[in-house]
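Model the full structure from these sequences, guided by the hints.
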Amino acid sequence: MFNSISDYFSQVGERLDWNGELVQCVVFPKLFGTAYTDLGFAAACKDPALSNTLFGALGNTLIAVFLGYGIAMIVGLMFAVGQRTKSKIFNRIVREFVEFIRSTPLVVQIFFVFFVGPQFGITLSPWVAGMTAIGLHYAAYLSEVYRGALNAVPAGQAEACIALNLSARRSFFGIILPQALPFALPGMGNYLIGIFKDTPMLMVIGVAEMMHVATAIGSEYWRYTEVMTIVGLIFLALSLPTAALLRLLESFVRWKLGMTR
Amino acid sequence: MNLISKQAQLINSKVHEMDEMSQYPVELTGNDVPMVRFMNVTKKYGDLTVLDSLNLDIQKGEMVSVIGPSGSGKTTVLRMLMTLEQINGGVIYVDGKPLTHMEKNGVLVPASPGYVRTVKGEIGMCFQHFNLFPHMTALQNCIEAPVHVLKMSKKDAIERAEEMLEMVGLAEKMDQHPIRLSGGQQQRVAIARALCMRPKVMLLDEVTSALDPEVIGEVTNVIKKLVSEHDLTMLMVTHQMGFARDISDRICFFYDGKIEEQGVPKALFDNPQRERTQQFLSAVKSAD
Amino acid sequence: MGAIVSLYESVQSAIKVLLAGMLGGVEVAGRIDSYPEFLAKFGDRLVDGTFMTLEQSLLAILVAVVMATAFGIGRVSNSMLIRAISTTYIEFFRGTSLIVQLFWIFYVLPFFGLVLEPYPAGFVAVGLNLGAYGAEVVRGAIQAVPRGQYEAAYALNMSPRLRMRRIIFPQAIVIMLPAWGNLLIELLKGTALVGLISVTDLMFQSRQIYSLSYAAIETFGTVLIIYYLIARLVITPSMRLLESRLSKNLKRS
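Chains as they are written, first to last, in this note's numbering: chain A, 226 to 486; chain B, 1342 to 1629; chain C, 103 to 355.
It is possible that some hints are incorrect.
To be verified - Below are the DSSO-like pairs computed for lysine-lysine, each with C-alpha atoms no more than 27 Å apart in a straight line:
(1) Lys1541(B) to Lys1626(B)
(2) Lys118(C) to Lys1495(B)
(3) Lys353(C) to Lys1514(B)
(4) Lys1514(B) to Lys1492(B)
(5) Lys1565(B) to Lys1607(B)
(6) Lys1599(B) to Lys1438(B)
(7) Lys1514(B) to Lys350(C)
(8) Lys1401(B) to Lys1566(B)
(9) Lys1565(B) to Lys1541(B)
I should point out that these hints are in silico values taken from the structure, not numbers from a laboratory.
As the structure is a computational prediction, the values presented were derived from the model and not from experiment.
What follows is the structure, encoded as structure tokens:
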């Protein structure tokens, strides 16, 4: 145990060793690729070995986020609409399916999708499997958000559409959907941040996103501190401004639609 | 040069403040100390002055009704007395002691929350929307504060609560939760709850305004009982003109943040002096 | 204490025996041809994993509830310092990924002198993370209690602490229950990640079983179903029961 508080902190300071050669000569190059130290930032971006560095992994992460969220938005809408059809049985089936996906862990779903292919003879690449799993998972979440938003639109709106003899397509896309949008945005924003934070799960099937690379670096040099901290900070640095931007976007959309409350 | 004059300004305003506060006595003494005194009380919401240099005395055991159009500041008077609102000028005294200020070196300074609590304990309040604690029975509502604030034993508190609930006519409902009581019953429990703290002053903020017409009578009867059987000092904001006329010792008509006219009920209702009072009273009559 | 542990363990073995009995002595030879064979061979592991997951979940719930209550109330405190500390905790644990936090607690803290075994590292990380979300739920519920309740308590001369403890928070609990139902399911899913730091939970077992059997659908399918059953048959009904119990006196029958 430590003799005194100051003792403890000086020990911690020793171990942190942020100014050591480790950071300069090993961690930073690993972060940005050796091209960085030799030739600078621009060259590092063109380096083919980029995806093994933390910086390249960040790119992978962002691609995963956008692709995954895109899939989720579209499939989620399908799930939401699929629970409002005329057939009660169909609604029920979709509902149960969505509940099943929402209540089970994403990691296990990823394993399922990735490993189930070979059993039927098709091999899915980690990327495809990962995107499918994450896309489906977040589609389930988003469908709940959509449902809540659609329910929040006053019933009178649908009645007015019928009274004006508007087509079903026009009613939905021109009248109901735009009014549901402000209700949906907070939830959608939260899940965008959520999907970003869930991308590390893809590392369990080998997708070279940030956590995967970070763990690799950490285990190679047996020093996890710097790498993990940097990854954590990158997450924070990306998610906090995104959250703030989303709040701005929310109020902008409300203002545009004339719904200031 | 500028710096010095700024300093001088600050000191000047501080002295000015102290000067201003020195006109207010640290304590009210004498034979006829009013139970409540508003002295030059001002209340502003930003630029809007809701109450302008209000001076009002309420004597011990007096029953004062406050009437007036909405926005006239009448509810604000009650809320300031209960310190639910801060005042922007002047001093409020309760039973001779300052409520909103406390003494420091012979002058009055703004009171600390701890001090306010000691003086505020003499005042009880009932609200328009009852505000009973929904997760407690009527009895529990009444014993909650005596047990936890006055540190009474549970047995004593229950005894007192049963007495009060008996007085408002709800003894058999004491184990019911508010959700099972009608509006009139809830308001009566609220009155019993306030009385269990044995306040010297009771504030009633439009206590019948949220009630269905047929239950207003239950509540007004209880208030009548309070006035006749106890010598509580009471301040009531109400729209029930007939009721106010029946039981009040004095009526205050508020308009635009000032007391437009005040007097004994008979005088004010039958022979209003001021034009605005006449307008208000005739408008209220035609609404009946 | 020891008696409770052995009772717990005997319950676990009892379930395994029950499972084996239901499968009626199915013979497993070499390749697994059917689902009952699969269960016969790996049922024990699944039961172990399930119990570990339940343990982790329960402990994480304890941590999360304590954190959420403390920091949720702290978020609306009158003291600026307490508010700042609460907001920092909430934003930090909500803004970063659970996996990152988990790995940080397990891999990085040792360098600061705090070495945690996988078992406690797991539920502590999940508890802290979900506690931050819970704190926001608690805060929202406290702020949803009608203003009149504050005023009535104030008029009865209650101190702020008394008011929160006896009047505001009890009413907030009823308000926050539905949101907690969702949070608890998220917590259950969060515990699946502790398998990544080698806690032998259901997720961990699923990978083991797969590496032994290569039967993806059976393995991960069964595991998914078990998680789903826990969520739908244990968590959701428990929350509904709690909700109806606590709001019994607040709703007209």
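So if I understand the rule, the pair passes when the alpha-carbon distance is 27 Å or less; does Lys1514(B) with Lys350(C) pass? 18 Å, holds
Hinted pair, alpha-carbon criterion (27 Å max): Lys1565(B), Lys1607(B). Please report holds or violated. 18 Å, holds
Does the structure keep Lys1401(B) and Lys1566(B) at a Cα separation of 27 Å or less? It holds: about 17 Å lies between the C-alpha atoms, which stays within 27 Å.
Verify the proposed pairing of Lys1565(B) with Lys1541(B), using a straight-line Cα cut of 27 Å. Holds, at roughly 17 Å.
If you draw a straight line from the CA of Lys1541(B) to the CA of Lys1626(B), is it 27 Å or shorter? 34 Å, violated
Hint consistency between Lys1514(B) and Lys1492(B) [alpha-carbon to alpha-carbon, up to 27 Å]: 25 Å, holds
Satisfaction of hint between Lys1438(B) and Lys1599(B), Cα-Cα up to 27 Å: 24 Å, holds
Can you confirm whether the C-alpha distance between Lys353(C) and Lys1514(B) stays at or below 27 Å? 17 Å, holds
Is the hinted pair Lys118(C) and Lys1495(B) satisfied, with a Cα-Cα distance of at most 27 Å? With a Cα-Cα distance of about 53 Å, the restraint between Lys118(C) and Lys1495(B) is violated, given a limit of 27 Å.
Taken one by one, the earlier hints fail for this structure at numbers 1 and 2, listed in ascending order.
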